[in-house]
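Trainee: Here are the chains, one letter per residue:
There are 2 protein chains.
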Amino acid sequence: MTTETDENLRDLIASDRVEGTPVYNREGERLGRISHFMVEKRSGQVRYAVLSFGGFLGLGEDRYPLPWSMLGYDTGKGGYVVDLDARVLDQAPRFGDDGRPDYSEDYGRSVYSFYGQIYPW
Amino acid sequence: MTTETDENLRDLIASDRVEGTPVYNREGERLGRISHFMVEKRSGQVRYAVLSFGGFLGLGEDRYPLPWSMLGYDTGKGGYVVDLDARVLDQAPRFGDDGRPDYSEDYGRSVYSFYGQIYPW
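These protein sequences, in sequence, are chains A and B.
Position 101 of the first sequence, counting from 1, maps to 101 under my numbering, and the rest follow consecutively.
Position 17 of the second sequence, counting from 1, maps to 17 under my numbering, and the rest follow consecutively.
Here chain A stands alone, though its shape is the one from the complex:
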């Protein structure tokens, strides 16, 4: 048996500990937190981490799907770090509380392309 700290030193993380985990940029600014992530059912591959950002006291937050590969984990901060300026999110693909995207191939390509990543599927 293990503590959360030990677990962070290992290469696995529990889904229910990813959700709500803070996300920082390279400058150490808190961008938001992980809302949830999207898993490919058949392969079990995580494709997107969805960042909650903006709003006030949890109201009016928007959600930004990020390619999973953009996220690094910083054990010192206890959160994820992405190389991303908050201002970039002004133009980024997002969705609100009223629904979720259909995560079609076109949608995936537009998200990956926005962040300068190759869509690998």
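For the record, the hints were derived by calculation from the structure and aren't laboratory data.
There could be a bad hint or two in this list.
Identical chains blur together in the list; that is why a pair holds if it fits in one copy or across any two.
SDA-like, lysine to any residue: derived pairs with alpha carbons at most 20 angstroms apart [claimed, not checked]: (1) Lys41 to Val88; (2) Lys41 to Asp90; (3) Lys77 to Thr21; (4) Lys77 to Asp106; (5) Lys41 to Trp68; (6) Lys41 to Gly54; (7) Lys41 to Pro93; (8) Lys41 to Ala14; (9) Lys41 to Lys77; (10) Lys41 to Asp102; (11) Lys77 to Gly32.
Given chain A, put chain B in place with the hints provided.
Mentor: Just chain B, lined up with the frame of chain A:
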């Protein structure tokens, strides 16, 4: 934007919709529900779905890490299906509320081996 039903027809599923999802065996008996799952941080690959099973009204439930590859999704049932008899779980690797396993390589091999699966890492 899409409904949950549409989303189930796609190849992606949201982490917060996997958690709590019922798990059935091939005979349609309800074995339990998904508690959470374990993701490899670097690659984003899901290694284990953790099944909650046993206990009464949520008390005393044990948790059973299952290789993700054992799970199939049944859109008709709205849940996962595994080829597993509840009696097999009597002998299966499990943990309680007081901690989580360390998910070492030895632990992983013992879980995969118990279910007759190759440990692929």
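Trainee: Look at each hint and say if it fits the structure.
Mentor: Each hint tested on the structure:
1. Lys41 to Val88: Classified as neither: same-chain Cα gap 30 angstroms, cross-chain 25 angstroms, threshold 20 angstroms.
2. Lys41 to Asp90: neither (31 angstroms within a copy, 27 angstroms between copies)
3. Lys77 to Thr21: Intra 10 angstroms, inter 32 angstroms, cutoff 20 angstroms: intra-copy only.
4. Lys77 to Asp106: neither (35 angstroms within a copy, 29 angstroms between copies)
5. Lys41 to Trp68: Classified as both; 16 angstroms inside a copy, 9 angstroms across copies.
6. Lys41 to Gly54: Neither way: Lys41 and Gly54 sit 29 angstroms apart in one copy and 25 angstroms across, limit 20 angstroms.
7. Lys41 to Pro93: neither (23 angstroms within a copy, 24 angstroms between copies)
8. Lys41 to Ala14: Cα proximity of Lys41 and Ala14: in one copy and across copies (17 angstroms, 9 angstroms).
9. Lys41 to Lys77: between (31 angstroms within a copy, 16 angstroms between copies)
10. Lys41 to Asp102: Within one copy only: 15 angstroms inside, 25 angstroms across.
11. Lys77 to Gly32: So Lys77 and Gly32 pass the 20 angstroms test inside one copy only (13 angstroms; across, 35 angstroms).
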